[in-house]
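**Q** Each protein sequence line maps, in turn, to chains G and C. Our numbering numbers the first residue of the first sequence as 1 and each following residue consecutively. Our numbering numbers the first residue of the second sequence as 1 and each following residue consecutively.
Simulated restraints, written as ranges between beta carbons of each label pair:
#	chain 1	residue 1	chain 2	residue 2	range
1	C	E135	G	L287	42 to 48 angstroms
2	C	Q134	G	S62	55 to 61 angstroms
3	C	G333	G	S272	34 to 40 angstroms
4	G	S272	C	D340	37 to 43 angstroms
5	C	A341	G	G116	22 to 28 angstroms
Some chain G residues close to chain C (C-beta under 8 angstroms, calculated; not the full set):
#	residue
6	A14
7	L101
8	T222
9	N265
10	Q268
11	Y275
It should be emphasised that the hints constitute simulated quantities derived from the structure, not laboratory data. All values derive from a computational prediction rather than experimental measurement. Cβ atoms here follow ideal geometry from the backbone N, Cα and C, with glycine treated the same way.
Below, each chain spelled out in residue letters.
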Amino acid sequence: MILNALLSPEFFNAALRATTPILFATLASAVASKSGIINMALEGIMLFSALFGVLFSAAFQSAWLGLFVTMILGGFIGFVLAFFVLKLKTDEILAAIAINLIATGGTVFLMLTVSGDRGVSSSIKSLQLPRVALPLIENIPFLGEIISNQNILTYISLIMVVVVHIFLYKTPLGLRIRAVGENKDAAESVGISSQKIQFTALIISGLLAAMGGFFLSGGYMTYFTKDMSAGRGFIALAASTMGGNTPIGGFLVSLLFGAAQAFSNIMQMGASLPYELVQMLPYATTLIGLGIYSYSLMKKRHRLSGK
Amino acid sequence: MKKVLSLLLVVVMIFSLAACAQKPAETPSTETPATETPATETPAADAKPYKAALLLNGTLGDKSFFDSANEGLQKLKDELGADKFDFKVEQMGATAADEPKWEPTLLDYCDTGEYDVIIIGTWQMYEALSAAAQEFPDQKFIFFDETFNEFDTGNFNNIYNVMYKQNEVSFLVGAAAAMMTTDENLPMIDPSNKMIGFLGGMENSIIQDFLVGYIQGAKHVEPEIKVAIAFVGNFYDSAAGKDLALVQYQNGVDVGYNVAGSAGLGQIDAAVDAKRYAIGVDSDQAALLPEKAEFIPTSALKNVGNSLFRAIQMDMEGKLQYGAVEKLGFSEGGVELVKDAHYEEMVPENIRTKIDEFEQQIISGDIVVDTSAGKTTEEIKAIMDSVK
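Please construct the entire structure, taking both the sequences and the accompanying hints into account.
**A** Below, the structure written as structure tokens:
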């Protein structure tokens, strides 16, 4: 039963679906971390964006326009965070906590103002981004079923891994972001304005997290429910750190997490283990994965140093 | 600069807290002038109205428990008039950030001594209540939807504990689900297997009670039934709820039952994707989600409002039994299955007749619905395994 379910395309499908919002936020975290600021407000940005996605896709009656506005607003929250941290010299963690707290109450407040609902945005006629059947690929048996017919944002998230990688490692701005993150003073000594760079990085981070938030209510689900980001922003922060704050590393960790999540869902269906144990699985897998990774890294270092 | 900044942060935090505790305009106002004016006009009448305070560890607008509680009290106020009965609602918010203020708020209300009874509910308020009831032995409390199990210490003769026989209403849901899953005439059923689903929030005693009744009801009509059981682990991650429900639907479940707060709403989204049925809980979810109503045959309700209405009326007559638990089922109107036009449209008549019969049999005592109360974890696990 479990084995059957594991080999079914639905499993891989579910894994990719669970990965998508975390992947967006992981990339967002990677960009911010590379510039030397930890963006802990991801959770709040995602929650706000999940609501904005519903509100604006309903207002414009266009999911794409809704996504566009949501991304701008996500970028704006990134800007606000940067403003507090860089201009007003707030502690970056405190400012982020404030944003996360506003998000929990603020989203409910906004939803109430707009629709009179507090729990679920069901009375707002929001739109979702479509699922896409990929021509040719969908005809490949098994593989086609896994890869094809996902939400378009899932594909965008995968493309974003490459885009962010190229951005960070192959463009002048990416180089500057990394330079500022490595050593602010050194970067400033060659004429880079570290503030400008960090502002840019946090805005980009906000944009990416907003896409993940939008996916929650406009792809994963078809409505906004309160607190629906459910800690994904924090998981992404961990995933990004575990992946060494690189897009590729972060992608692998979030994929591992998504797969473990989908696996634990199947375990609940088939195995007679206590569900609390099964639910630990995604976190335990990620931890063990990280353990193995850092152990092998340590080995390699030992070998290189010739001891 | 730093000062300005810290001030700003403080404002921001206050705003976020205030946003959680926003009071809607329609909340019945019990400001002092309103209650005092009639009192001065009719000095001879009963000195003061019976006053209740409803403290919610959440907010109104949940279209569920808390709204139901508010409606029950409003109904009583409308019937008796504001000079006989009045109440105040305090919305404390539900998030982790709100939790620290629940107990202080409760203690503040006790401290005023203005209220004849303070109403609170759910398992999350248990410890706060226990502390407050000991500190204020003269203050009376109504506690709903979680068993208060310290009555035998003799210290809590100021608490009336009302519970709902969610197992009874779940029995009907289980019976309906089991009959639907084999009904070939229904459009979204695969009659080849006899499998129904259950999506719980956490495995606490209340959710187990739902589950035990659900399984018994299903087995009552279909001894061979299989029930797929999953728990989200919280009551708010709707996306995770959707994924869990999808796994169930993809593996042959035709009808699911969600008892997981807003995480359970994920099951309804999953039902839409998989073209299957989902039965709602706590609020009429077909009315809550009109666009998805064709996938929601009915919902199981706990009638918190009814129970408070009844309790306060009894208390006014001095008949309410404090220091004890009372469980309300179908016969007292404590629980109900939504049976509106939408239900009649979706559920075939032969099933509906059966459901009505079962309900009568439960009321008359011909069917005794099992409960999770007093059962050990092993016994409940055995019940769950019996339908694997």
